[in-house]
Structures are given as C-alpha cells and as structure tokens.
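Chains A and B supply the protein sequences, listed in that same order. Sequential numbering of the first sequence, starting at 1, is according to UniProt numbering. Sequential numbering of the second sequence, starting at 1, is according to UniProt numbering.
These aren't lab readings, by the way, just hints derived from the structure by calculation. Just so you know, these numbers come straight off a predicted model, no measurement behind them. Mixed in with the good hints there might be a few duds.
Identical copies look the same in the list; a pair holds intra-copy or inter-copy alike.
Stated by the list, open to error - Simulated pairs of lysine to any residue, SDA-like, Cα-Cα distance not exceeding 25 Å:
(1) 342 <-> 107
(2) 428 <-> 180
(3) 222 <-> 232
(4) 634 <-> 608
(5) 634 <-> 530
(6) 402 <-> 151
(7) 628 <-> 580
(8) 48 <-> 552
(9) 48 <-> 362
(10) 222 <-> 604
(11) 222 <-> 349
(12) 529 <-> 639
(13) 529 <-> 634
Here is what each chain is made of, one letter per residue.
There are 2 protein chains.
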Amino acid sequence: MTTLEDLLCPRSIAIVGASDDPTRIGGRPLSHMINQRFDGAVYPVNPKRETVQGLPAYPTLAEVPGEVDFVLVAVPAAGVAEVVRQAAEKHARTVLIFSSGFAEMGGDGIAMQAELSRLARETGVRVIGPNCLGAFNSATRFYPTFTSTIDRATPVPGGISIASQSGAYGSHIYMVSHLRGLGIRYWLTTGNEADLHIAECIRLLAENDDVHTIMAYAESVKDGPMLSEALETARAARKPVIFMKVGRSAVGAAAASSHTASLAGEDAIYDAVLRSHGAWRARSTEEMLDIAYACRPRIYPAGRRLGLVTISGGAGVLMADAAEDAGLDVAPMPADAQAEIKQVVPFASALNPVDVTAQFFNDLSLVPRFTKAMLERGGYDGLIGFWTSVAGSPVLATPLLKSLTQAMKGREDQIFLQSVVAPDEIRKAYEDAGFPCFEDPTRAVNAMAALMAFGIAFEKGRADMPEAPALPPLPDGPMGEREAKRLLAEAGLPVVEDRLVRSAEEAAEAAREFGRSAFKIASPDILHKTEAGGVRLGVTADDAAAAFERIMASARAHDSKARLDGVLVSPMIEGGVEMILGARIDPVFGPVVMAGLGGVFTEIFRDVSFRRAPVSADTAMEMLDELKGSALLKGARGQPAADARSLAQALSQLSIFAAAHANTLESVEMNPVRALPDGAVALDALIVTRKDRAS
Amino acid sequence: MTTLEDLLCPRSIAIVGASDDPTRIGGRPLSHMINQRFDGAVYPVNPKRETVQGLPAYPTLAEVPGEVDFVLVAVPAAGVAEVVRQAAEKHARTVLIFSSGFAEMGGDGIAMQAELSRLARETGVRVIGPNCLGAFNSATRFYPTFTSTIDRATPVPGGISIASQSGAYGSHIYMVSHLRGLGIRYWLTTGNEADLHIAECIRLLAENDDVHTIMAYAESVKDGPMLSEALETARAARKPVIFMKVGRSAVGAAAASSHTASLAGEDAIYDAVLRSHGAWRARSTEEMLDIAYACRPRIYPAGRRLGLVTISGGAGVLMADAAEDAGLDVAPMPADAQAEIKQVVPFASALNPVDVTAQFFNDLSLVPRFTKAMLERGGYDGLIGFWTSVAGSPVLATPLLKSLTQAMKGREDQIFLQSVVAPDEIRKAYEDAGFPCFEDPTRAVNAMAALMAFGIAFEKGRADMPEAPALPPLPDGPMGEREAKRLLAEAGLPVVEDRLVRSAEEAAEAAREFGRSAFKIASPDILHKTEAGGVRLGVTADDAAAAFERIMASARAHDSKARLDGVLVSPMIEGGVEMILGARIDPVFGPVVMAGLGGVFTEIFRDVSFRRAPVSADTAMEMLDELKGSALLKGARGQPAADARSLAQALSQLSIFAAAHANTLESVEMNPVRALPDGAVALDALIVTRKDRAS
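All chains should be modelled from the sequences, with the hints used to inform the complete structure.
Structural data, given as structure tokens:
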C-alpha cells in the first residue's frame, strides 16, 4: 500500500515542462525548490533549453540520467499521458499533474482523464491531479507546487497537515494557517482526482507519524467507504480530522458540481458519516483553523464539563450561552468549593462561571486559587479563562501568566484555553506555556467543544458494525406492499400481520379475526393507494363486505388496467409514536440507513438521522437520540414512553437487510412504523430495486 | 428630554474621591483627562489634599468655585447619595457613580440604590451607575472612566458608539474595536442602572447626529417599550443597532403558570423584538464588530440578492453555502451576462458565483469586466469578492485594487465587500477605497447579511400597530372554558359555537343540532379535562345521552368536590392545520403575542413566533411566515392551503384583546385553533388573570 513517504519524500524530482521564468506555472516549483534548498536532486525537462533557472535541462524524461522518484508535469493536456507512461518506465513512484483540460472541461477531457486513471491502475504509478495546484513536504523542503504563497510564507515546522480538493482554497487555508503561526508539515491538493483522492489522502496522513492534526477540504468524496476507513485510522491514532465539506446549499452544490464535475451525494449523509467517525465538520475556514490551533497541545478531554473563569461577569454569561449552544455542560461548582471562593471574595460569583471580579487587580493570587479550586474540586474536563486586554497589559501580563502556569502545575494533561487581547509577543508567551489563546471568547468555547468531541470520539472508538449476510438477489420489477412486507418479515423485521382477501366473504372473515382492521387495495400497479380510493381504516366485521366492494370498485374506476390482486387486510394498530425507518444505496457511501419521526417531521422539519449501514442496535439507539423530536419517544406530553430498544433493533435489522441487498436494492422504507410502549411495528413498506428504477 | 450632549459634553467635571495615585480607581479618570487634555475644567474633590495629580483640590463639591456640569463619584457607597444631593444643588446635569455596594450586593444596597433612583427622579439630575466603569466622549477627550484600556488604546475619531451594561465587557468591546481600527465616538457603561438604562442610551445615541452605528450589550432590559421606541428612533435615522443580549441559556427560569408562558422564555421575545425593529442581534463579539466594521461605508442595500466573484471555485461554493445559511439569495446571472463572461474565459463559472479562474493572473482586466457585468446585469444588491492572499501580493495588490475601484466607478452607492489576506497597509488601502475587508469569506457573507437586513428594515419602516381600545377589566378568579370563549367571541375572535347542557336530554338535543359533536366537562375546578375523563369526541345524537352521563360520572369520580356546571357541547371541527395562538404580559415588554403550530411543534420543536402586542394582520402574517412549519399552512403534503389571512386576522384580534386587558390579564391562549381552508376557529381557550395567579 502507498505511504505518504512514497508520495512526498522523494530523493529526486523531474519537472516536465520546466520553465526558466520563475513566475510561470512551470517555473515556480523549480524556483521554490532552488530558493528553499530542496533536499534532493532536481531535473528540469525542457527540450528547448540547455539549462533552466541555472540547472542543466534534459530534452525528455527518459534522458534524465539518474533515478527519478517524482515527476511533476506542466505540459499541455494532450502530452500528459505519454509523460505518465515514461514515468512508469523510469520507475517513478508518483506523477503530479498541474495541467488542466481534463474532466473539468467535459468532452474529450473526460476520456483523457480516464486514460490517466487507467495508467495509474496498470502501472502502479500514483497520479496526483490532473488540474491540481501541487503539494509540499516542508520537512524536506519539497515544493512541487505553483502556488505563490510559498514565496511570502515559508512553511515552519509543525504536525498539522492539509489535504484539499481545491487548489486555490487549499492555498488560502495554508496562508491563513501560516499567519496564525501554525506549522504545516504536508500539504496536498488533489484537483480532478484521476487517482489519488481526498479520502486516501486522509488515510495517508493518519498513518504518518509526523502528522498529528489533519485539515481537509472537499466538495465531494469519490469513495465513501474509504473515507470511513481513513477517519477510523485517524481516530485509532488519536488524530483530529477537521473536515470542511462544502456544497451544503442548493446553489453551493450546483456550483460544486460545475466546478469539479463530480457526483454530489446527499449532504446530510456526509454530516452523519463525519460525526459518526469522530471527525469535526467545520463550517468556516476560521473555525477549521481555530480548532487546528487549539489542537496544538494535543489534549483531548473525554467529557463535556466546562469550567469558566472570568474577569468579567458579562463575558461569563456570554460564554455560558455559547457553551450551551455548543452542547457543553457548564456544571456548577461543588458547594464546598463555592464556599471557599466566597470566603476569599464574598461578592464573587462562584457557581461557574467563576468571576474573579475587579478584586483581581488588588490580588493576583486569586487566579491560581480560583482556578485550582475549579480544577481540583469542579471535576471539569476543560477550562476557559477570560482576561481580555488585562492579559496584554504591560503591568499584569507577566504576573497573570505566571499565576495561570502555577495553577496548572501538575495538571499538564488538562486543557485551559485563554481568551486574551494581547500583543503578539505576549500571546506567544501564553502559547509557549501551553495555553492556546483566542481574542474572541465565543471562538474559544467553540474550539473547546471540538477538543471535547475529539476526546469523546477517541475514547469511544469504532462503532460495532454487524455482519451483513449474503442474501439472494431481490425479485425484479415493481413489488407490492405485501411482497415488500413479506421480504422484510423474513429478514426478521416487525411488520403488521396481513391477509390478502379476494372476496367480500374472505374480507368479513379476516375482519372478524383481526377485530378493527385496515383495508388496502393490493395491486402492483397502484402506488398511491389513498388517491385511488383504495384505503379504509377502522373497518369492523360488519362493514367488511361493503368496504371490500367499495375499495375494489374505486380502484377499478381509478385505473381500469391495473392488476387488482384483492384487498390486504391488517389489524388496526393505533397510538404510539409514528416513525419512518428507511435505507438506501447512496452513490458515495453505499448502503445508508435513516430514521425519522413520521410525516411532517421528516418532510418539513427534516428531523432525520443517518448512518452508513449496517448499524448495531446500539448505534441505532444513538440515531434515535439524535432526533430533535426524540423527546416524543421518551414519552413527552403525558404519553407513555415508546419501546425505543425494539425500534432500534428494527432499524439495525433494516440496515443489515439493506447492506445484504446492496447490489440489487435502490431503497427500502417502512412508513409508518408505530413505536408502541411495547414493541414497534411497520404498517406499510416499500422496496424499490435497481431494476425498478432503471425501467 | 435629556440629550447625549447633556450627559457627555460637559464643560466641567468634578471628581469626588479623586486620588493622587493614577492607578487607583479615583485616580485613573483624572489621569486620563490630564493625559488626553480634556477640553474643559477638571475639579478634583478630596478633603485630605491640597492638590491631586497636580491640580488644586477642593474639600467638598459645594466648595468647587465654578459651575460643575458633571460629577464623577468614587467614594464608598454610604456617601454617594449625599454627593448626588450636592450635585443637584450645584445644578450639575449628570452624576456618574463608580462606587459599588448597591443593588448588586443585595440587602441594604437595594434601598441605597432606590434612594439614588428617587434623587434622580426628584432633582432631575441624571445618574449613570452606580457600580459602573464610566463613559467617554472621544471628541472632547472626556474620559470619566477607570478602564485602563484608554492608556493603551487612545480612541480615534469615528461615528460608532457603544452602550454596555457590563463595564469589563464594555471595555473589551472597546479594546477590540480599537484594534480593528474602528473609531468610537461615545462609550457608555450603565452598571446597576439606578436611572439611565441601556434602552435610553440607545435612544440618546440614535438621536445624536455624530453617531452613525450603535453597538449595545445587555443582560436584561429594564424598559421593553422604551427599547422599542429607541430602536425605532434608530431605524428612522437609518442607524444600524447591533445588539448583544446575553443570558439566552438562562431562559425558562421565569416559567409562568400558563402554557404559553412556560415555553415562551423571555429570550425568544427579545429575539423577536430586536428583529421586528430592524436591530441585529449579535451572538458573539466578533460578529458585532464585523458588522460595525462593515457599516463604515454606510451603505445598506434593501434586498438580499448577493453576487459572488471569486478567484477560487472552492471559495465560491463555500460562500454560497454561507449565504444560504444566512438567508441570502445567490441568484444566477442573466443568460446574456453569462454568455459575455464565457466569451472572455470559456471555462469560467459564470452563473454566480462567478469564477475569474487562474486566467486572472494573465489578465487583470477580467476583474472589472466580470464585476461590471455582475453589477450592471445581475441586479445584485451587494457583491463580495474573494481574492485571498493574491490581494496581498506585492505584485498584484495594487493592480487588483485599481481594477476593483474602476469597476465601482459611478456605483459608489453599492456595497462590495472583499475577502482578502493582506498586510495591514494594503488592507488599509482597500478600506480607504471604500471596500471593507474580511480575511474569512464566511464572515464577509455574514456581515453582508446584516447590512442587507438593515437596508430592508430601513426601507420598510415601522410596523403598523393598531389601537387597543380601553376595555372593562376582566372578571376575577378562575374562568372556565366557556367564559373564556365568550369573552374572546365578544372581542371578535372566531371560537367554536358551544352549548352548556345540564341533562342527557339536552345533550342529545344539542348533538342532533350540531351533528357529530365534542363533549367536554364544564367546571371551573377542572383544568385538565382529558385526565378527568371529561372529554368525548365525535359524539353522535344516538350516543349523546350515554356520553353525557359518563362524562359527569368520570368528573365526579375524579374530583368529588369540583363544581360541575354540566357538559359543553360543540360541533366537531376536524381537518386543517392545528395551531396555538396566545398572548401574555411579559415583565419587560408588556403585552406580547405568540403563534405556533399545535402541540409537539410548539412544545418540543419550539417553533413559535412572537411580537409585542398589538399587531396588525399584516404583522401577524409575517409571524406565521416566520414559523419553520409555515409550509403546512401553505398546503404541504397534498393538503389544501389553510386560510392564513383569517388566522392572521384572529392573531391580530387576540393581540389587541391582550393589549386592551394588559392591566388585568396574565395570559390568554387559544389552543387548538384549526386553520381551515376557509376560516380559522378556536376549539378551546384559556384566560388567566393576574388575580388568578396571585391566588
């Protein structure tokens, strides 16, 4: 398997299409590597020149005398495939292609890119790009990139790495990271992803010992299951992945698909997949960088209890608000610790937020005393201090830092973020002492929320994923409700009992047996049964014969050509909480499973929860808990609690069913499912196979 | 009426408790005014010294020789009231009190503060504080504050002003504003608000010609109606108010007896009030400052169409996502304008976001051409450009700025925010050319959303507020459903017809007349009718007698002492959309009105909309549109659309009812209200009066 060393630690590089002009695309990487003193051999390839930027040039890649590990390509699209072939002959491991004019242009470009993919597969040479801005390894000063940011922002050492589909945006992330003082080790842009794609980049970074934090940007992901694996590799290595997936909005998605010409995949599923593997989905670049910065001490608390200590009561309230928004627990201090603080400053707020008050100006020792009380007695998983420009004051900066350091003595494994307004050199002193600093207190809270989410995910580890047995293919063609329910029942799912009746007499008999019943037309040709007059609820044995005749007549009137198998009779099941459970095959992630509250909640409030399938019953319980309306299952509004465990069990079974039929299934939905106080049961089901869809 | 000049433009100041030590609370303001050269007379008052910080000192305020406009008090709490009395005798206009030990300490402090309030009221002297950090007027270099930030950050001229309840947080806001290069004209902290409070500050700032943008911070507001007036004054003057109201997470503590009250939470009302008057509620300091900064050109577009032009397709997608989150419309370019762009760069995205692509590096004229096409043809209300560090490049910064300026020639009334990563001097050049700059593109989008919200609110102006007639007081004591419905019907509200029946015969007769009927126990002592077995739905004439007897028996069994008036019979009204309409008297804002979807939507999803009452039917329509579930009223899921106009009319009537009864009402709720395709009707109602509550 490829490693990051294979890709970005070469001993030699050939630049095909090298330019003597250091401002041109083919000239910049050469200029970077000369200026930065790349730790290896550099061979410009240019048939028109003897030397390029002072180095001897070679007319073709084949004529380069030594071994070539890495080939950079900056020639027009038409000539690229030939360079890849030559690179393979030269036993290069990697070819990075700047050239555009491939899939992003449509037409012939698509075929030309497919040829690059094929060459990568067949020769084993790894291809980065085409249409990418390059990559770098700052440790070996290896800069195969034409971004100009390198000239203005020479990378500094550090364990953060960046993978980005977008070159220009990848440069932006790099530049802003640099300005924040973040050391970037590896930087990769993947462009059109003929071979190397973003999910694999994350795996490579997760496997590399020099990388401790991963930032990623993507508009789409080619291989959802590989993304899952990559995120699990990072989680196992306790490496935070901060992932920005754009194209959430309708306009954004349209812009992304025109930009990269790739299949989008549903955004809510990305959301669920990232979260379920412990990655943090960043909504803005600033958020991404804030979190990467807060990761520098590499302390990830495995809990959400947040202690706040502040010099401003107002800032305390503000941070408490932000903490609640972020799902953190601003738990109160134990009573004895509160009493201790009150003894020192009677009018201090000691509950949490703990307010050192203006008394602080008279007695700086309050800071270590108060924070010690919080750390020792509060049992907080993390602390944030708000000191505003007091921390930047020429008089107070040093004593404050000293007292904070003193408070943390022996607690170096705990995280204490600071909100300070201070000149760079003072801020740096705080950072060097292990305190990440944020000017804005809300941003400090949000960064803490991410650290805690990482810590909890690292602790929790990988979710159980049950085995999906190989099952025989699903039957072809449209499938009626009865058939769908039968298949699901066979797979162990709780579906309501039914009987197909073909006469008024049979109908009456069934209703006698079931009690109050639901009557529904059974026809493979009628999908919208209610519209066809094909549904009657609460039918009693007395009404049954008439109900049968009316349903058959209505259905006939609705569609004279429809095949009518008869009427499906089921016992009426009422009460409980109406749910929808479903699964489908996502183009990016494969089988995914979904749970939602019924009807309006799913359609209008979009209160649904997703996971990659299959899921265990425990994971299914988590999915139910994630619903905004989960309170309903717990028995809100005077109703009894629903049997969530049975519902979760059904969801797990459904996910296994979907995964087992991934090759022939398009989607399956049990709607409604009634979550009763004792058990859960599906009243209707729909299975769509791929052949149905194609037809 | 007081003006800001009265408060913060004095010709003279006396500092009672002035200290010779410039680091002490009583010494700092004097030191500030000496260092900054305050444009007026300064009289230190200190009985123990001949001079204070080099100025002649006076033993008492009375002994100060000249006129004193402004008195600053830094003596212990016990002596403060006497100073206020002396200040009144001296015909001072304003007393600003640093001293703590008042209401914030509880106990005697509360009475001492009440005395200050009384003195202010009776003498006409305006009191700022107590327990406040002070204020400033940077134009006259008047610094009656002990914040130390002034030493490190001398205010620069500008039209932004700050009002904050919190002193420490007010200092933080000032400091961060200063670091952003924002000129702050007036800065006020109100502390305990014995007299001057935050709402009045906003009014004073709104009325002052030197102020163009207002930032405010509050934990609570003393006078909700005055806040409304202040915000309307600002709106009429086209001055943005950026308001940070903290304490969101403490909501729900003030739960009241009625249903609406318990889920309202005061915070949701602040939210609604701020929005309805065109103020922007900031969630973080950074957001507040971003918006104040973006207000500098004072251009507020009255629409939400956003044009995006970018050098990175990825950033375009990201900004489109952020725009959708912010409710902006990233509308596509007209086809002809797209064609024009495609002619120049065939592979450019021309839809919006418009991507200038790397082609930009070869031809900078693309920028004015593309942006001109967007401005002239796109009809956008505002534009954002993303240029990242290209805008900071030594080579490209100047030509890019030139081309942006050229594109805006003749369009100086349009707003064009820039996302750039550039050194301070380059950023300043952009700002001087009229382009506010943001490093982070998401923050640029959010700032634009605020500018557009201001523009729309300025254009729209004040909402009609109908007259609330004076009505006779509500009856005392607990009120049954029937009485509540009768009162509401008299006020013109649509409530379902009902009849009180006292025997099985009367019940049968009513059911014969109404058709299928709803039976409910009528008792002033039974609030939870369903629990008491007191409700039967869908009763026919045949079942009526039995239903009557069963309800009466169940109610008797439930509470043998309850007064049973009989059974209330109404025609069954089914279908439509179930809503809750309510109103209550909020302690801060007075009468407020509320609309929500029924049951679960209101209780669990908290999908409710508020306004100060009374509201016009038009405003009521806006309230319905604000509901997340408003799609249900428009006929989602194959249902007919509800008669939203009738519903809005009812909501308006209910708000007038509440406002008219503001003196005796606690809360009123119509729940459920069925919004039918034709009309709306309340099926139940509850009125709680203040006397009910007290009992």
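>> Need the list of violated hint numbers for this structure, in ascending order.
In response: 8, 10
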